[in-house]
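So you can see what is in the structure, the chains are spelled out below.
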Amino acid sequence: MNDRIFKIILFLAALVMPVVCGGIVYALANDAYDAFNHFGFINFITSDEWNYTQGNEHYGALPFITGTLLTTLLALVFCIPFSLPVSLFVGEYFKGKKIASILSTVTDLLAGIPSIIYGLWGFYTLRPIIMSLNISPQGSGILTASLVLAIMIVPYAASLSAEFIKMVPDELKEGAYSLGATRAEVIRKVIFPIAGSGVFSSYILAIGRALGETMTVTMLIGNTNQLPASITSTGNSMASIIANQFGEADGLRFSSLIAIGLILFLITAIINVVGKVLIKRARI
Amino acid sequence: MEFVKPVLEFDKVCVSYTKQTMAVKYVSAAIERNSITAIMGPSGCGKSTLLRAANLMHNLYPNIHVNGDILLNGENIFQMHPIDVRRRIGMVFQRPAPFPTMSIYENVLAGFTLNGINLSKSEKEEVVENCLKSVSLWNEVKDVLNKKGTFLSGGQQQRLCIARALALKPEVLLMDEPTSALDPIASKHIEELLLQLKKDVTILIVTHNMGQARRISDHSMFMYLGELVEYDNTLKMFENPFDERTKAYLTGKMG
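Protein sequence lines, in the order shown, are assigned to chains A and B. Numbering follows the numbering used here, with no gaps: position 240 of the first sequence is 450. Numbering follows the numbering used here, with no gaps: position 141 of the second sequence is 162.
Bear in mind the hints are in silico, worked out from the structure with no lab data behind them. Quick caveat, the model's predicted, so the values are computed rather than measured. Here a beta-carbon is modelled for each residue, glycine too, at the ideal position from N, C-alpha and C. Hints are not guaranteed to be accurate.
[Stated by the list, open to error] Cut-off 20 Å, straight-line C-alpha distance, at most; resulting in silico cross-link-like pairs (SDA-like, lysine to any residue): (1) A/Lys308 x B/Tyr82; (2) A/Lys305 x A/Thr392; (3) B/Lys169 x B/Met123; (4) A/Lys399 x B/Leu81; (5) A/Lys399 x B/Asn139; (6) A/Lys308 x B/Leu81; (7) A/Lys307 x B/Lys163; (8) A/Lys399 x B/Gly232; (9) A/Lys305 x A/Phe288; (10) A/Lys308 x B/Pro121; (11) B/Lys268 x B/Met22; (12) A/Lys383 x B/Glu127; (13) B/Lys268 x B/Gly232; (14) A/Lys399 x B/Thr171; (15) B/Lys145 x B/Trp159; (16) A/Lys383 x B/Tyr82; (17) A/Lys399 x B/Pro121; (18) B/Lys220 x B/Arg266; (19) A/Lys399 x B/Pro103; (20) B/Lys154 x B/Pro103; (21) A/Lys383 x B/Gly137; (22) A/Lys305 x A/Ser369; (23) A/Lys383 x B/Thr134; (24) B/Lys145 x B/Glu161; (25) A/Lys399 x B/Ser124; (26) B/Lys220 x B/Arg236; (27) B/Lys190 x B/Arg54; (28) B/Lys163 x B/Thr122; (29) A/Lys490 x B/Arg109.
[Said to hold, decoys possible] Sample of chain B residues facing chain A (criterion: CB under 10 Å; computed from the structure): (30) Asp105; (31) Ile110; (32) Met112; (33) Ala118; (34) Phe120; (35) Asn136; (36) Gly137; (37) Leu140; (38) Cys182; (39) Ala188; (40) Leu189.
So here's chain A without its partners, still in its complex pose (with noise of 0.2 Å):
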């Protein structure tokens, strides 16, 4: 009989993330409901115009969008010459030794730097330096936000890529290696295909992560509601619009808003589905 409760309250326990879960998108999209009606789907994702002057009220979320995917895309570009040498590091030239745990504990450590230090470091730090280069005038925008969101996705793809590369059977580096091959071409004609798909997934992972990275975005994106011309001007992404806006919004422009977070938790869960289903795929 006690074995009976207590699976009950087991069963109960767990059935509370789903229903969180669920609660979430059901408000999200009761909420949304009313953009989406007014400006149809498609219209809402491909307008590029943002006004709320009374009366003149129209709300699209392309500059969001492709804030976000643009700024995801160019961390995920300037984060691979970092986290691929750091995962061979730690994976293959340094595996077991204690100067490749050091580095990827240091690696792991800016995983647990709070966002809004970033922030600050690139509104501080960075930013002046983007200005004095005369890349953009204002410093802010697509790029600074990008290079601080490439550090901060590094340790993400890093150590997971690391453990992937470790996997790869010695015995098969040691094959290769009797046949003559060089380190390098272990590298990359053994370990990088064997290890090929778990290192995509961690990179998918880590774009998981920068989809929805609020605070530091919008403190280096530079707030601008048009759709970005270059990668140095500024611009807004899906949750830096939210984050700038919501406290402001009200009627249609708060339905917008809404709609454009139940945009970006589809995006995010999706992603962070298909990463998970190519990590599973890929254990060797």
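Place chain B on chain A using the hints.
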């Protein structure tokens, strides 16, 4: 044992994993060309460690130290480029491990692709066919060359790994208990194969299996606690071992 022109010579070879202990102690031995030499001994006696010294596998692990000299046709391998040494002295491991992302065809050619050597299509086909024939795998796989190597049975995979090593035309083939992960029929197949291969390549094989050493080898080494205790003609060693320890091992009193 003395040979006129040995292909491989170990001269006072010592290998140590830590500063205090030596896994292989002052082993000196010459290996006759186109013969099969078996290295026997209980677990931990240093037989694999000695074998792996011969193609500089220990170079991959900075904490392992090798002293003494190993000569390939009179030339010291420690003064040669490791990549050159490993192409001329091939190796087959205990567990069959074809590259899982490569097809059967690509596995045979792995030695070339890994070294960035480009072959024409006809050269490739010739190498693949010859190597697979020499390990008598050709008839079994000629229609499935594009399938992954891991699709084959354990014994077939091991023969594929031998073909992969033979593709580079090595002078010496080192084999580290190549049949210990295989069933008796697959093992017998490999043994027959080695007897055919020795006309082209000198084989040095580590084995746990005394019966196997007796069946296929021309010469046998018995190692114990890192020392080379006895090295002689296989038949002579099995019938009339010189050392008490060899005798105890061969009669099963020590394992």
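A quick look at each hint next to the structure:
1. A/Lys308 x B/Tyr82: holds (15 Å)
2. A/Lys305 x A/Thr392: holds (17 Å)
3. B/Lys169 x B/Met123: Holds, at about 6 Å.
4. A/Lys399 x B/Leu81: holds (18 Å)
5. A/Lys399 x B/Asn139: holds (15 Å)
6. A/Lys308 x B/Leu81: Holds, because 18 Å separates the two Cα atoms, which is no more than 20 Å.
7. A/Lys307 x B/Lys163: violated (44 Å)
8. A/Lys399 x B/Gly232: Cα-Cα ~39 Å, so violated.
9. A/Lys305 x A/Phe288: violated (25 Å)
10. A/Lys308 x B/Pro121: violated (30 Å)
11. B/Lys268 x B/Met22: holds (19 Å)
12. A/Lys383 x B/Glu127: Holds, at about 16 Å.
13. B/Lys268 x B/Gly232: Status holds; Cα separation ~15 Å.
14. A/Lys399 x B/Thr171: Holds, at about 17 Å.
15. B/Lys145 x B/Trp159: The hint holds at about 14 Å.
16. A/Lys383 x B/Tyr82: Measuring from Cα to Cα gives roughly 13 Å; hence the hint holds.
17. A/Lys399 x B/Pro121: holds (11 Å)
18. B/Lys220 x B/Arg266: Violated, at roughly 33 Å.
19. A/Lys399 x B/Pro103: holds (19 Å)
20. B/Lys154 x B/Pro103: This hinted pair is violated, its Cα atoms lying about 29 Å apart.
21. A/Lys383 x B/Gly137: holds (17 Å)
22. A/Lys305 x A/Ser369: Distance of about 13 Å is within 20 Å: holds.
23. A/Lys383 x B/Thr134: Holds: A/Lys383 and B/Thr134 sit about 15 Å apart, inside 20 Å.
24. B/Lys145 x B/Glu161: holds (19 Å)
25. A/Lys399 x B/Ser124: Answer holds: A/Lys399 to B/Ser124 is near 13 Å, not above 20 Å.
26. B/Lys220 x B/Arg236: holds (17 Å)
27. B/Lys190 x B/Arg54: holds (15 Å)
28. B/Lys163 x B/Thr122: Holds: B/Lys163 and B/Thr122 sit about 19 Å apart, inside 20 Å.
29. A/Lys490 x B/Arg109: violated (40 Å)
30. Asp105: It holds, given that the least Cβ distance between B/Asp105 and chain A is near 7 Å, below 10 Å.
31. Ile110: Status holds, d = 9 Å.
32. Met112: At about 4 Å, which falls below the 10 Å cut-off, the nearest Cβ of chain A leaves the hint on B/Met112 intact, so it holds.
33. Ala118: holds (4 Å)
34. Phe120: With a minimum Cβ separation of about 6 Å from chain A (threshold 10 Å), the hint on B/Phe120 holds.
35. Asn136: holds (5 Å)
36. Gly137: The hint holds - B/Gly137 has a Cβ within 10 Å of chain A, the shortest such distance being about 7 Å.
37. Leu140: Since chain A brings no Cβ nearer than about 14 Å to B/Leu140, farther than 10 Å, the hint is violated.
38. Cys182: holds (7 Å)
39. Ala188: Nearest chain A Cβ about 8 Å off; hint holds.
40. Leu189: holds (7 Å)
Going down the numbered hints, you'll see the structure goes against 7, 8, 9, 10, 18, 20, 29 and 37, while the others check out.
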